[in-house]
Every structure is written in C-alpha cells, then in structure tokens.
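Colleague: Letter by letter, the chains look like this.
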Amino acid sequence: MSVRQNLLAAACASMVAFAVSPASSQVLRYANQGELKSLDPYTLKETTTIAHHAHVYEGLIGRDKDLKIVPALAESWETLDPLHWRFHLRKGVKFHNGDPFTADDVLFSADRVRANGSNFLSNVPADAKFVKVDDYTVDVMLSSPNPILISQWDGWYIMDKKWSEEHDSVAPTPASATTPSYAALHENGTGPFTIESHQPGVKTVFKAFPGWWRKPEHNLKEIDFTPIASDATRVAALLSGEVDVVEPVPIQDIQRVNSSGLATVQNGPELRTIFLGMDQSRDELLYSNVKGKNPFKDVRVREAFYKAIDVDLIKSRVMRGLSTPSALMIAPQLFALSKDFTRPKVDIDGAKKLLAAAGYPDGFEVTLDCPNDRYVNDAAICQAVVGMLARIGVKVDLLAQPKAQFFAKVLKPGGYKTSFFLLGWTPATMDSHNVLHDILGCRDDPKDATRGEANLGGYCNKDLDALTDKLLVETDTAKRDQMIKQAYEISIKDWAYIPLHQQALSWGVSKKVKLTQRADNQVLLYWATKQEE
Amino acid sequence: MLAFTLRRAIQAIAVMIAVGIIAFAMFRFAGDPVNQMVSIDTSAAQRAAIRESLGLNDPVLVQFVRYFVNALQFKFGISYQFRLPVADLLKERMPATLELATCATILAMGFGILLGVYSALRRDSLLAKAFQAISLIGISLPTFLIGILLIYLFSVTLGWLPSFGRGEVVKIGWWSTGLLTLSGLKALIMPSITLGLFQMTLIMRLVRAEMLEVLRTDYIRFARARGLTTRAIHFGHALKNTLVPVITVTGLQFGSVIAFAIITETVFQWPGMGLLFVQAVQNVDIPIMAAYLLMVSLIFVTINLVVDILYTIVDPRLRATISRPA
Chain A
1 MSVRQNLLAA ACASMVAFAV SPASSQVLRY ANQGELKSLD PYTLKETTTI
51 AHHAHVYEGL IGRDKDLKIV PALAESWETL DPLHWRFHLR KGVKFHNGDP
101 FTADDVLFSA DRVRANGSNF LSNVPADAKF VKVDDYTVDV MLSSPNPILI
151 SQWDGWYIMD KKWSEEHDSV APTPASATTP SYAALHENGT GPFTIESHQP
201 GVKTVFKAFP GWWRKPEHNL KEIDFTPIAS DATRVAALLS GEVDVVEPVP
251 IQDIQRVNSS GLATVQNGPE LRTIFLGMDQ SRDELLYSNV KGKNPFKDVR
301 VREAFYKAID VDLIKSRVMR GLSTPSALMI APQLFALSKD FTRPKVDIDG
351 AKKLLAAAGY PDGFEVTLDC PNDRYVNDAA ICQAVVGMLA RIGVKVDLLA
401 QPKAQFFAKV LKPGGYKTSF FLLGWTPATM DSHNVLHDIL GCRDDPKDAT
451 RGEANLGGYC NKDLDALTDK LLVETDTAKR DQMIKQAYEI SIKDWAYIPL
501 HQQALSWGVS KKVKLTQRAD NQVLLYWATK QEE
Chain B
1 MLAFTLRRAI QAIAVMIAVG IIAFAMFRFA GDPVNQMVSI DTSAAQRAAI
51 RESLGLNDPV LVQFVRYFVN ALQFKFGISY QFRLPVADLL KERMPATLEL
101 ATCATILAMG FGILLGVYSA LRRDSLLAKA FQAISLIGIS LPTFLIGILL
151 IYLFSVTLGW LPSFGRGEVV KIGWWSTGLL TLSGLKALIM PSITLGLFQM
201 TLIMRLVRAE MLEVLRTDYI RFARARGLTT RAIHFGHALK NTLVPVITVT
251 GLQFGSVIAF AIITETVFQW PGMGLLFVQA VQNVDIPIMA AYLLMVSLIF
301 VTINLVVDIL YTIVDPRLRA TISRPA
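Residue numbers (this note's numbering), protein chains in the order written: chain A, 1 to 533; chain B, 1 to 326.
Sample of chain B residues with no beta-carbon within 10 Å of chain A, all distances over it, derived:
1. A128
2. I247
3. S256
Quick list of in silico lysine-lysine cross-link-like pairs, BS3-like style, CA-CA up to 27 Å:
4. B/K186 x A/K203
5. A/K68 x A/K129
6. A/K339 x A/K315
7. A/K203 x A/K221
8. A/K203 x A/K511
9. A/K203 x B/K171
10. A/K512 x A/K221
11. B/K186 x A/K512
12. B/K91 x B/K186
13. A/K470 x A/K129
14. A/K297 x A/K412
15. A/K221 x B/K171
16. A/K293 x A/K353
17. B/K171 x A/K207
18. A/K65 x A/K511
19. A/K493 x A/K447
20. B/K91 x A/K203
Per label pair, the in silico range of CB-to-CB distance:
21. B/L180 x A/K94: 33 to 43 Å
22. A/D64 x B/G159: 31 to 41 Å
23. A/S259 x B/Q132: 36 to 46 Å
24. A/Q531 x B/L310: 51 to 61 Å
25. B/A12 x A/Q531: 57 to 67 Å
26. B/A12 x A/G268: 55 to 65 Å
27. A/Q255 x B/Q282: 22 to 32 Å
28. A/A449 x B/G55: 21 to 31 Å
Keep in mind the hints are simulated off the structure, nothing from the lab.
Note that this is a predicted model, so its numbers are computed, not measured.
Cβ coordinates follow ideal geometry from the N, Cα and C atoms, glycine included.
Isolated chain B (complex conformation) (with noise of 0.2 Å):
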C-alpha cells in the first residue's frame, strides 16, 4: 500500500513537472507582455527598457531555471498587469471558483443521482424518457450558451436573478463567502446550473446505466428471493454498489469542473481564477498564467492521487491486488 501510494506520488511529481515546462515553453509564443503593459505611442527605447527590467532579454535557460526555483519556492512573482504579488491575487479570487465548483458539484450529484435513479427504476416511463432527452441538451449546449439564455431569462425578462458578479460576500478570514447572504446565494444560482448541467447528465445516465446493470445481478436476485423489502434492495443495496465508480468519475471530474470554470466565469463575471486566468492570457500577463496553470495541475494531480487511494479503500478486492507485486 505504500508502495503504491509512493510510487503515484512520484509519478505525480513527474506530472508537474512535465507541465511547467510546456507552459514555460508556451510563453515564448503568446505574445508581447510589454505592448499591453504600455500605450501605443509609448517610445521603443521604453519599452525596451521594461523588457530589460522584466528579464525577459535574458538567456531562455536562464529564465526557466529561475522560474523553477521561484515556482518551488511559490514564489510566483508579481503580475505584469496590476503590479501585485500573483499569490495574493490567486488567493484571493480562490474562494470563488471553489465555491462555485463545489455548489455546482453538489447539484450536479444531487439531481444526477436521482433522476438516474428513478429512469433506471421506472425506465418506460415517459417521464424517464424525457429525461433522457433532456439530458442530451445538457451534454450537447455549450457552456456560454446556457449561461446566456439563463441570464436573459432570469435576469433581463424576469428580472429574478441577478446576471453577474457575486452579490455581497462575507470575509471569514481569508476566505470570502457568498452562501451567507441573501444576494450571494441569488448570484450562486445560475453559474451553478451551467457549470453544473454537463456533469449533472454524465451523472444520471452513468447512474442508470450502473444501477440497470447492478439490479440484474445474481445477489439482488437472491435479496428479492429472501423477501427483502423493494426499498431495501434497491438504496440499501443496489444504490450503493452503483455509487462506487460514481464517486470516481465525480472525483475525477472536479477538475475539469474547474477548468471549465474558466467559461462560466467569464459569461457570469464571477471574480474568480478562471476568469483571472483568461484575461491573463489576453494581456499576456505571464506570472499569472504560469502560477494558474501549476496550480490546477495540481488539484488534477493531487485529486487523481486520492480518488486511486480512496478507490482501493472502499473496494476491498482492489487492495489485495495492489498489495500483491505485479
């Protein structure tokens, strides 16, 4: 077991690693920080003063090594475009995308889970089939395009909801929050649904398709023979066995979650990193990008690693396999 836990975890050191240097990489080719630091008629002389100032004429070793050394150190420098230390501004807008992944998460598995429970249950019932109709929205509107059509519904014709930014938050700490008043919980309300709605139908119909196949089971077959009540069988048993690979593939999501996070954040005007993460990348705001793009590496890193170890936990038959050398 700790073999394996250690053997992972190398793998995911090799992970970041692999990824820092592809982003450095890449920044070579998004353009020039300086022009968007500067107006046009600013003198070439100027500029290349700045350019000098910001080590950018310094040889491509040079820079990557000390990119490295500081990104160890999380020390991500300061952004080019609001002349403040990236760690604060990443901390701060931090709260916002994990509230809204977690809200959106928490709805998705809510309502996915019911409604694949009861199509897998009812299955021809019309209700059930529209369902899956449904669904098939959810997976094939873009992201932007639902959040448009909601705000226009609830926002400009019903006037209901608001159509952007966070409402009024509360400062615990250093975290903000937005659950705790009235307009903040009217603002989590739509970007939730439409960051929400993809894995909300990836959930109902992972969840029937388990939960159909779970109740055709010999075991479920000799529960209904001993007289088992239906309501014990279906949540008691079946529900369960069903929630295993749910849980993995919902674990596993979360980070994508975030990374779309980045669309949703931008039609809503939610101040949160994804939105940070975008206009970074306009203005070529580098020290952003590369902290942004090293830190969802490793949530994706970090959540791969503790949904494997969760998985051999729940799942007894795994363990021993693992526990045995290949």
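Only chain A is shown next, with the shape it has when bound in the complex (with noise of 0.2 Å):
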C-alpha cells in the first residue's frame, strides 16, 4: 500500500481505539462554605461534617429521604417490653478494611460514643446498658421508657472495635491530646464511599466501595470536595463548571445561578426555625433603660412584641421569599398536629394599646443580641425586627456579632448575657420533646440539669414541664401527639417565644447533575446521579 493509505488506515485505527471509551468515570465535585476537620465520627456534631460522614459511616437506622427511620445495620428491631429494645443486625456486611460487622462493634461504639470527648453524648441515653445476645443480636436495657430512643441514632456511626484498638483510637479525640488522633484522619466505616485522601481544610477525596451491601442509588466513581469560604468565589466556581455542587448559594445570587442556564439552586424550607426570645428571668433588665423592674415579664408586654413583627414582609424583603413562617416553634414537618396552629396576626394598634396597658406607652429601649454568620441573613433580620418595633415606640439597640462573639455570652457558659435575642434552632431527634425540654422548659430543675439550657430567656412554666415529661414515656402515638399539641398551646398564651420562619435551604446544582434535596440540609451525594461525560 502507498504511504498515504498506511497513513490513512493508521488513523482509522487510532480513532476506533479513542472511541471505545473507558469505564465510566463520574466525578462529582462538590463545594461547601464549611470544612471537613475531622474524619472521627463522634467530635463534631455539625450538620455539614454529619453528612459527610454519612458517605463512608453508617448507623444502626438511617433516614429516607423524607426523614423517616429505615433499617441500615440493624435489619429490624422490636420493644419486647418498653424497657427492652431488641436489634436484629444486618449480616454479611463489612467494614472498608475487610474486618466483618457483628454485634462487638455496636457495643463497642456504644461505649465510645458516651466517652470522654464525644460530642454526641445525647444520642445515646446514658442509662442505656447494650446487651450482646449473639454476634448479630444486640438487647438495650432501659431504666425507663423512651419510645423517640432511636430518633439520634442516624447521626450515631458504627465504628470497627478490632481497627480503632489497632490504631490507638478507642477514645474519642479529647481536646487535649498532644498526640494527633489516628481516627481524625482516617476512616474504616461501613459506607458506600471510603476515603482516599484527606487534607484537613484543604481537599478530600471520595471513593465508591465496590463491597457495600447495598444497591447504590448513585452513578459515581468518586467526589471530590473541596471547602470555598468566599461565597462569591463558591458561586463563581459553580458558573464556570469546576464544581458540580454547592451548598449554600447566597440569596442575593440566586437568580444569577438560574438564569446561567449551567446550573439551577434547590430551595426547599429547612428544618431550622429562626425565633425572638426575652429575657424573662431577672428582675431587671441588663441591657434596658427600663429600671426596677423587667418589661418582659408582663405577658402583655410579650404579645405586643410578638404582634408588632410582621414576618411576611420579613419574607418579601430580606429573605427574598426564601422563607416559611411559622406558628411554631417547630418545623411544621416534624409535628403531625402542626396544621391546627396558625400565626396570630400582625397588629400594630393592638401592640400599642398593649404596651399601653402595661404601663410603656411611650415604649422603652433594649439591646437586641444577634450573631451576623451564622443564619440565613441573620443581621438583616435583626436589622428589620428593629424598625418593626420602632414602630410600637420601643427603640431597639442592635448588638449583631460573629457566631464565636455571640454564643460565647448568651449561652450558658457565658452566663445568658441577653435581654432580647435572635436563635436557631433544629430538635436533634427531629421530635418536639427536644424543643418543649431545651428550649421551653425552666432552667434551674433540681431534679434535670440539663433541662431549658438553651432556654436563653428563662421562660418557665412548670405545667409544660410536666406534660413534657409526662410525653416522653408515652408510647401510643396519638396521646403523645395530643400532649405535645397541648404543650405548645401553654407555651403560645404565655407568648413565651417569637417564631418567626423556617429558613430556606439553598443547593446549587449543576444541570449535569440530579440530587436529593432533604430538609435537614445534609448534602448527600450517595443519591445523586451525573450524566456521562
């Protein structure tokens, strides 16, 4: 043959070698406003470093994707009495490493996960004593009914006994360690990803683990994550297409992410209620030019504050209709009887004759505390709640702070060093027994510490606190639901709290890309899918 035809026939065949494509290598690239510290499952409990974690570790039970409980690594489980849970545990599962699961290291994580330096010390009652009936037949004993006992546990992540005594990483990393912990940067989960590299901070690489035991919902080969703290660079990297997906998208470029036509931002409402709490402890005010006596503690004075807030122009004008008001203190998601509550109306006459009545007619000044990075346009709230009240003659002065400013002095080790505040707030066991103990519940029980520590104003009511404990051992559904409607009801004619809406989430997602979005704003990828490349 002349040379061109070898030429020619050379170049046919090169092409036919290009064009038989190699297996497919979907690439997720994903990109958080937050880091990921940490690889250890039990020293952060944060939504974001959660989710993350839940693609290489998983939990006894796991959430759908409407957050209801489903079996993970326990199969099934049953109340043989209601002070004895009985767990059936998956078989034939195995840790990254190759170590087998069995009912060792569920005993083993149960200990680890209520020992020094955990952070996820309430996801396991302390009293609950882990019985081992046979390798795949784990018995938890209670001292007293809990029928919400498992609501934690998707958060809680079975870790492998056998790995974590090899590497010396049977305590979780106590703060104080002068020796880095093995389980901060490294993994052996049961997951659908394991980890392939991990710069704290820097970049961390997923890889899909062909042994899991499940059928996994994704197409991906790994995902790489990157944190991007600047919200214009974050956005930025979404339009240009280096990464795939985004959490979260600032309101203000929302509709530059959807009329880019590269990729479009999920909003959905969050689980997350954002309220107005008062101080309704002390005798007098700290930061009030009220003096001798305190004006949140007349009821009327609370309703005026509570009728003066006019959260649908809250909606329309900060949150740029990114928002879901709420009559609750909770999600609406999360209590079945949420439909028979609605918000009061606005009534701005009404507030003043209120104020009026309680002896403020000319209004009085006060500080309201806000942090200004942690919520979803936290400080241009607070800014709107202060001309709103300007409008019932009270004269806010707003303290709006960085998250590390704030929390340190309305908290409890900060002394509750508020008058008026702004807080967030998403029950951990996605039930109200968390909200009517943490946050509506009086402080200073003798009988529970810990309950109303993030009660910041001191609302008390000693008949709520009754029917939430009498909730929290009541097993048939319908009564708890009952009680808990009843609690709320308490809790509203004292005007105890300001709900004011659940906040939106915000996922920007490439077009390439199709993803589940849940309400509890954990990003995870094991749902999503990419096109082929």
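Two chains, two frames, some hints: make the complex.
Modeller: In structure tokens:
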C-alpha cells in the first residue's frame, strides 16, 4: 500500500481505539462553605460534618429522603417490653478494611460515643445498657420507657472495634491530646464511599466502595470535596463549571445561578426555626433603660412584641421569598398536628395599646443580640425587627456580632447575658420533646440539670414541664401528639417566644447532576447521579 | 558592624516578646473556643469539662507562662478545630503562601521596574501617562475586589483560568509546589496578579521618581558630556543607583505581602497560612492564631534586620557612619 493509504489506515485504527471509551469515571466535585476537619465521627456534631461522615460511616438506622426512619445496619428491631429493645443486625456487612460487622462493634461504639471527648453524648441515653445476645443480635435495656430512643441513631455511626483498638483510637479525640488522633485522619466505616485522601481544610477525595452491602442509587466513582469559604468564589466556581454542587448559595446570587443555564438552585424549607426570645427571668433587664422592673415579665409586653413583627414582610423583603413563616417553635414537617396552629396576625395598633396598658405608653429601650454569620441573613432580619419595633415605640439597640462572640455571651457558659435575642434551632431528635425540654423547659430544675439549657430567656411554666415529662415516656403516638399540642398551646398562651420562620435551603446544583434535597440540609451525594461526560 | 548587628538582634527579640504579650492579651477577647468545637445542644457540664481539659480555667499568669515556654521550644500545641499539631498544619500550608508571595513580588518587581523606567525615560508620552492613570487603580481598588473581578472575567466568562485552589501540586520532600504542573501554573496567575498589583504600582512610581531624580544629577551630566551611550548611562549607571531604595522597600514590603495574602487567599481559596489564620480567628482556634502571629512577626523582624544589614553592605557611605560610635 502507498504511504498515504498506510497513514489513513493508522489514523482510522487510532480513532477506533479512542472511540472505545473507558469505564464511566463519574467524578462529582462538591464545594461547601465549611470545612471537613476531622474524620472521627464522634467529635463534631455539626450538620455538614455529619453529612460528610454519612458517606463513609453508617448507623444502626438511617433516614430516608423524607426523614423517615429506615433500617440500615440493623435490619429490624422490636420492643419486647417498654424497657427492653432488641436489634437484629444485618449479616454479611464488611468494613472498608475487610473486617466483618458484628455485635461487638455495636457495643464498642455505644461505649465510645458516651466516652469523654465525644460530642454525641445525647444521641444514646446514658442509662441504656447494651447487651450482646449473639453475633447479630443486640439488646438495649433502659431504666425508663423511651419511645424516641432511636431518633438520633442515624447520626451515631458504628465504628470497627478491631480497627480502633489497633490504631489506639478507642477514646474519641479529647481536645487536650498531645498526639494527633489516627481516627481524625483515617476512616474505616461500612458506608458507600471510602476516603482516599484527606487534607483537613483543603481537599478530601471519596472513592466508591465496591463492597457496599446495598445497591448504590448513585453512579459516581469519585467525589472531590473542597471547602470554598468565600461566597463569591463559590458561586463563580459553580458558574464556571469547576464544581458541580455547592452549598449554600447566598440569597442574592440565586437569580444569577438560575439564569446562567449551567446550574440551578434547589430551594426548600429547612428544619431550622428562627425565633426571637426575651429575658423573662431577671428582675431587671441587663440591657434596657427600664430600671427596677423587667418589662418582659409582663405577658402583655411579650404579646405586643409578637404582634408588632411582620414575618411576611421579612419574608418578602429580607429573605426574598425564601422562608416559611412559622406558627410554632418547630418545623411543621416534624409535628403531625402542626396544621392545627395558625400564626396570630400582625396588629400594630393592638400592640401599642397592649404596651400602654402594661405601663409603657412611650415604649422603652432594649438591646437585641444577634449573630451575623450563623443563619441565613441573620443580621438583616434583626435590622428589620428593629424597624418594626420602632413602630410601636420600642427603641432597639442592635448588637450583631460573629457567632464566636455571640454564643460566648448568650449561652449558659456566658451567663445568659442577653435581654432580647435571635436564635435558630433544629431538634436533633426530629421530635418535639427536644424543643419542649431544651428551649421551653424551666432552667434550674433540681431534678434535671439539662432542662432548659438553651432557654436563653428563662421562660418557665411548670405545667408545660409536667407535660414534657409525661410525653417522654408515652408510647401511644396519638396520645403523645395530643400532649405535645397541649404543651405548645400553653407556650403560645404565655407568648413565650416569637417564632419567625423556617429558613430555606439553598443548594447550587449543575444541570448535569440530579440530587435529592433533604430538609435537614445534609448534602448526601449517595443519592446523586451525574450525566455521563 | 558586629555591635550594630547585635544591637538590632536584641531589639528584634524585644519586639517578639512584645508581640507575644499583646497576642496573648487579645485572645482573652476573641470569643469562646469551646462553643466552636461543640454543637449548640451540648450541655453546660460537657462544655465545662472541655474548658478544663484545655486549661482555660487556669489563672492568666499560668496560661501565659505555659504559652511562652512552649513557644520558645516551637511547641505550638494542638489545633482546637482540627485536633492536629499546629506546627504540622503551618508546615503543610507554608509552601503555598511563600510561593504565592514570591511570585507576586517577582511579578511586581519585574513589571514595576520596566514600567517605571519607561515612564521616567519617556515622561511625556501617552503610554507613560496611561500607566500613571492605571497605577491609581492598582492603589485604590481593594485586593478582594480585584480578585473577584479577575475571577469573573477569566474563570466565569472566558473559562481560561481556575477560580479557586492551587491545581495539581508536586511534593518534593516536605515542600509542595505548583510550579511544575500546568494546572498549578494556571492557578498561580490570578492570585499573583491580585496580590502583586499594589506592590507593582508602588514600585513603578518609586522607580519613576528615583530615576527622574538620578537623571538630573551631576555625574549623569558628566557621563553624557564624556560621550557614553544613552543605554550605558540609563541602564549602567542610573538604574543601578535607582534600585537601592527599591530593593529596600520591596524587602520591607515582602512581610506585608505575606500579610495581605490573607485576603487573596480567602478570595481564591488558596490553601495557605493566611486562609488558615482567618478561619482560626472565626473559630477561635487560639493555638493557630498564636503560632501564626509569632511566626509572622518573626518574618517581619528578620527581613528588617537583613535589609538593614544589606543596605549597609551595598552602600559604602553608610558603613562608615555606623562603624563610628555615635
């Protein structure tokens, strides 16, 4: 053949060679505002971190796309009696290093999660005794009934006993360790991905684990995670196609992303409820011009404040439509009877009359404590609140600061130093008891040291506390919901807090990726599919 | 000469001690580190236990002495956020910042000197006037704005350069460099421009002013009278004399380039020490904050010392002044 024909033949052959595409190498690139610091699943109870760990570790139970509890490492469970639960573990599950998953790992994890240095102490009750029945059956013995025992077990990940002992990681990293922890830099879970490399604060690479016990819903081979703290850079990275999924997209950039043609923003209500609280415990407010008495102790003042705040206006002007006004201190998705509650309407004149009746016809001054980098548009919401309260004659002095300083001031270790504050709350158990106990419960309960710890205003109603204790051990769901409803009604009659809204999730997703958004803001990429490149 | 060096070295140590005291005092007001390490529903009892384990309940003097003694031995402790030794974290991130700072300085010096010489020699040309005007932009626009503008132009609109990160890096020993890969070099371009723009305009104006002054001196006039070529005069004699103050300023500025790198690193998510420091401040990670402040002050103090010594070596007139007792 001539040289030319040879060349042509060679060209055709090489084209065919390239045309045989390699196996799908779907790499999903994900950027988040926060970093992944430690790989130890018991050291930081923070949504983004828990979500990252959910790709490599698993708990006895999991939650599906609608947050309903589904079996995971426990195939099934039953309550033999209210104090005795039995879990049947899944057989044939292997950790990433090949070790088999058995009951010993569950017992080990139960001890480790309640050990010193763990941040997940409240996930597993202190009085729960774990007993091994056989290699695939574990009993949990309680000292009092607890119908929501497993509600936080989707975040309690099971670790490998043998691996942890081999690598000296039996204790969760205590903050004062002089040697770094192995578990902070390495993982060995049962989940759908392994971690190939991890540079804390820089980049983490996840690789699909072929030996996973479940059939994957995703089509990814690799996930590259980089934190991008700067909002503008993160959005630019999404728009230039360098990353496929970003969280969060700031509200003011949503329009731009949606009109770019390359990506869209998935919005949906988050479980977090944003609310205002008032100091009702001190006899004289710390930061107010009213001397000798506390205006917030008068229910009329609290009602006046409530009625002065227009959450629909906040929704349209501050949140650009991306919030769901609340009537309760809990997200409606988490309480079956939430539709029985409607939010009282805004009533400026009524509020002014109430203030006058309470003895403040010209209003008064008070300081509002607000974080400015914790919740969506938190400082802007507070500024709107200042304006709204000015309409009824209350002069609010806004103190907005970064979360490190804000929480140091207003939480219990800081002495609850606030008169009027903004806060956000998601019940970790996805259940109302958490809200009623932690933020509506009385502080200084001699029998329960942790009651009302996050009740920064010190609201207290003994009837509500009695109901809260009763419903903790009530196993009949219908009766329990009624008790919860009663408890909320008491708190609303007292005008205890001013719930504002549920903020919205804001995930930027490339058009090449399909992703399920869950209301607890966990970005779970094992439900993501990416188009073939 | 030796006495001079010793005197300056002692002053340097005094500065370091002062920085240490001020930094330590500041940390008392930085916020609550424990809050950044736990979730909001962590009980107060647990928080108190963590405070105790971190030694935050000890008296102030005890904490300070402990911090000081450890710093002297380069033991900076464990980061609160990462649970990793701070020295390792800094060592890992240092190459990124130093590479960025060096590239930015070289870029600034290169373009600054070129443009400065041109504006001095062709004072009345249109191009020189344009450079003057543009240099105003370099000085007045804040770093983060320049960075974001570059990202939107070159990454989002044109898609030529990456908008964040360092690209692929190659590890040589403990140093990781982005200069050996194409993606590393592409990633270096925009951050270097952003960081170096302010420096460049500074050097440009300095070179121009110095050059104009030198060209007016007698010895240049005599050289011209003697018949030396224009090139020999301008680049052989004038430029050399111009560069001495330029190098002094650049050397001193190198320390502040590393400091300004914080903003550039935040905009470009450049994994350097500056970004580590900013996030340490937000999360009240005191070990990292302390180590970073001490290290940066060490760099400043060392550079100042070296520049002073170099200056006396380069300019013989100063040597006599210094050697003679005051």
